[in-house]
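Novice: Below are the chains, spelled out letter by letter.
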Amino acid sequence: MKARWFGRSRALRALAACCVLALVACGSEEGGSGGGPSVEPIKIGHFASLTGDTATFGQSADRGLRMAIEEINANGGVLGRPLEVLSEDDRSITEEARTAAQKLLQRDEVVALIGEVASSRSLAAGPEAQRAGVPMISPGSTNPRVTEIGDYVFRACFIDPFQGAVMARFAAEELKVRKAAILFDFKQDYSVGLADFFRQTFRELGGEIVAEERYTSGDIEFRAQLTTLRAANPEVIFVPGYYTEIGLIAKQARELGITAPMLGGDGWDSEKTLEIGGDAVEGFYFSTHYAADSNSPKVQEFVKRYQKKYGSTPDAMAALGYDTGGLLVDALMRAGTTEGEPLRDAIAATRDYPGVTGSITIDEQRNARKDAVVLKIEGGRFRFYRTVPAS
Amino acid sequence: MEQFFQQLLNGIAWGGIYALIALGYTMVYGVLKLINFAHGEIYMVGAMVGYYAAHALGYADAPSLVGLLLVLVAAMSCCALLGASIERIAYRPLRQASRLASLITAIGVSLLLQNGGQLVFGADPKFFPPLLESVEVLRVGSIAVSNIQLTVIGTALALMLGLELIVMRTRFGRAMRAVSYDAPAAALMGVNVDRIIGGTFMLGSALAAAAGILVGLSNPKIDPLMGLLPGLKAFVAAVLGGIGSIPGAMVGGLLLGVVETLVSAYLSSTYRDAIAFVVLIAILLFRPRGLFGTAQVDKV
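Residue numbers (this note's numbering), protein chains in the order written: chain A, 219 to 609; chain B, 10 to 309.
The set of hints was computed from the structure by calculation and includes no laboratory data.
You may find that some hints are simply not true.
[Unchecked claim] Distance condition first, Cα-Cα at most 27 Å in a straight line; then the derived BS3-like pairs of lysine-lysine:
(1) A:Lys405 x B:Lys42
(2) A:Lys594 x B:Lys42
(3) A:Lys522 x A:Lys594
(4) A:Lys527 x B:Lys135
[Unchecked claim] Covered stretches of chain B, going by a simulated chain A footprint (3 or more residues, C-beta under 8 Å):
(5) 101 to 109
(6) 151 to 161
(7) 271 to 279
[Claimed, not checked] Label pairs and their computed distance ranges (CB to CB):
(8) B:Gln12 x A:Lys405: 25 to 33 Å
(9) B:Leu241 x A:Asn513: 47 to 55 Å
(10) B:Gly67 x A:Gly424: 46 to 54 Å
(11) B:Phe295 x A:Arg363: 41 to 49 Å
(12) B:Gly131 x A:Lys321: 16 to 24 Å
(13) B:Gly131 x A:Phe404: 25 to 33 Å
(14) B:Leu74 x A:Tyr528: 33 to 41 Å
(15) A:Ser530 x B:Phe13: 41 to 49 Å
(16) A:Ala608 x B:Gly163: 49 to 57 Å
Virtual Cβ for every residue (Gly too), placed ideally from N, Cα, C.
Modelling step: build the complete structure from the supplied sequences, incorporating the hints.
Specialist: Structure below.
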């Protein structure tokens, strides 16, 4: 109830701000060149995979972020200045992420960096932000090493020890299976890390990892690995990869007669999983940051506005992009300046920021402590299955 | 043991795709002594044409064998034209220049198609429409054979057989072999060398396009850079079989597919991409003429 009132009053305020802005704009136009000094916008850099293998991650995060910034600008901006998002594409390539971050830092002199979703790319770009003394917030990188880069690197999501444990626990306690297999992408830090944490927790819970196979990002042929996994007869297969591969893996597994369901992490959270996988991904489960069909009024309000603006249902990366924008603005307001150091301290001091993906509190390791949700693929769409609270 | 046969089947289906691409390399090398590095990109364009054709013809959501055939024909004809145009525009003006110049031009064409492809088709991966509903047609013990794998292997074999017939049984094939054996002498005997070379490019490109469609069918993710690695590996397959030899390219392709699959299955998939190049180095060290590359007369 409280959240709803908050949302409504904010919308009203936004409306009022728009009216005021419009009046001011008219006034200054009439006044001609005699108006007040023009205000420089505050520049925020977003490096993201706008094209390439994980394009939906970058595109969704960018849409969410831009929506957040537009809403704030409609409210009059921050510190009396409007905000501007500069997006730089890294084409889903690890090395390019570093170059993109450098461009934003050096050429555009942004006050803060937002990015990346993929952990390998956040790890590549993070040291640049640290060296420049510009805070960086990753919307969706879950590998723990990302924020270990330094005290300027933050994230708005949970980390893989938690996510891996959630899925291991889910397999052992909810699906009640004892034999699991793992198929992971050994070129992605995200996938390797998540596989490690799943393996560890699943064994602690008395389960057995009967087979493990690996693939490389960009692979399209998985039949060799799947045939080996099939021989070990697992009851469930954990595939902590990205959405492009899971669809292909599911299809080829189905062809080989593998009926064990697959489990995954937030890397599956894209409409593309359904598009590529079709019937083959039915009955699979994955952990992620939020569920678009959750009945929380805050989420529903966000989904409605996003759909109105972009015509599609926001996935987890869109929600995280939105929250990351809001989180940064919240810190800017508290810092009262765009200087790197005070801004860093303000981000680090974030407590209970009310995001769409849950309440965000930044801990000492600069990670957000948040709940995870498990989604089930059913009837050709993602369905909310259950929430797993942050421990 | 059953698992081994399943892996073998996986490898043969995968190798059939390499074999189809390798044939184009070997035929062009046969008539021109040119390694056409743009060949992998023709395979990519084939898959892309298939993607758009399937959507345009309305088969994207309605799997049917007729649709698959139509898409296959569309992609093969478009790529045949593309191959002939590349030869006419990029290679023919350099026919008398040094072989290095042609080789560098081939790399240039390859880069042009890769980057042009990103411009025209967009850099994002596309998902090839399922033109065949995946069905398990045969099951022996735990060995599952899907109709997709059968289609891939069947189409590859049929096309190779067709090629063998064209090369050995037709006037065009005889002229092609003559040009390969001795182009100036063939010209003196009244063979239109330019036409034969153009025709060879068309044939090779059509086969690469077919490989693109088959890959779309069995591994439905396509993007403008997808031709790079399979192109290089098919080149290795052609060298393995003996570059210039048609049966060599077929066997080399199938062998490489099987080796790659077995390495992923029994060693580690980490080495999957590396193994092709280990094979290349080994073959160059120990048997540079390849498995089938013997006397000149055998060459195409």
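Novice: So, for every hint listed, does it hold in this structure?
Specialist: Quick rundown of the hints versus the structure:
1. A:Lys405 x B:Lys42: violated (38 Å)
2. A:Lys594 x B:Lys42: violated (56 Å)
3. A:Lys522 x A:Lys594: holds (22 Å)
4. A:Lys527 x B:Lys135: Roughly 25 Å separates the two Cα atoms, so the pair holds.
5. 101 to 109: violated (count 0)
6. 151 to 161: With 5 residues in contact (Cβ-Cβ under 8 Å with chain A), the coverage given for the segment 151 to 161 of chain B holds.
7. 271 to 279: holds (count 6)
8. B:Gln12 x A:Lys405: 25 to 33 Å: Because 26 Å falls inside the window, the suggested range holds.
9. B:Leu241 x A:Asn513: 47 to 55 Å: holds (52 Å)
10. B:Gly67 x A:Gly424: 46 to 54 Å: holds (53 Å)
11. B:Phe295 x A:Arg363: 41 to 49 Å: 44 Å Cβ-Cβ, so the 41 to 49 Å window holds.
12. B:Gly131 x A:Lys321: 16 to 24 Å: holds (22 Å)
13. B:Gly131 x A:Phe404: 25 to 33 Å: holds (28 Å)
14. B:Leu74 x A:Tyr528: 33 to 41 Å: At 39 Å between Cβs, range holds.
15. A:Ser530 x B:Phe13: 41 to 49 Å: Because 46 Å falls inside the window, the suggested range holds.
16. A:Ala608 x B:Gly163: 49 to 57 Å: Cβ of alanine 608 of chain A to Cβ of glycine 163 of chain B: about 54 Å, so the range 49 to 57 Å holds.
Of the hints listed earlier, those the structure fails to meet are numbers 1, 2 and 5, in rising order.
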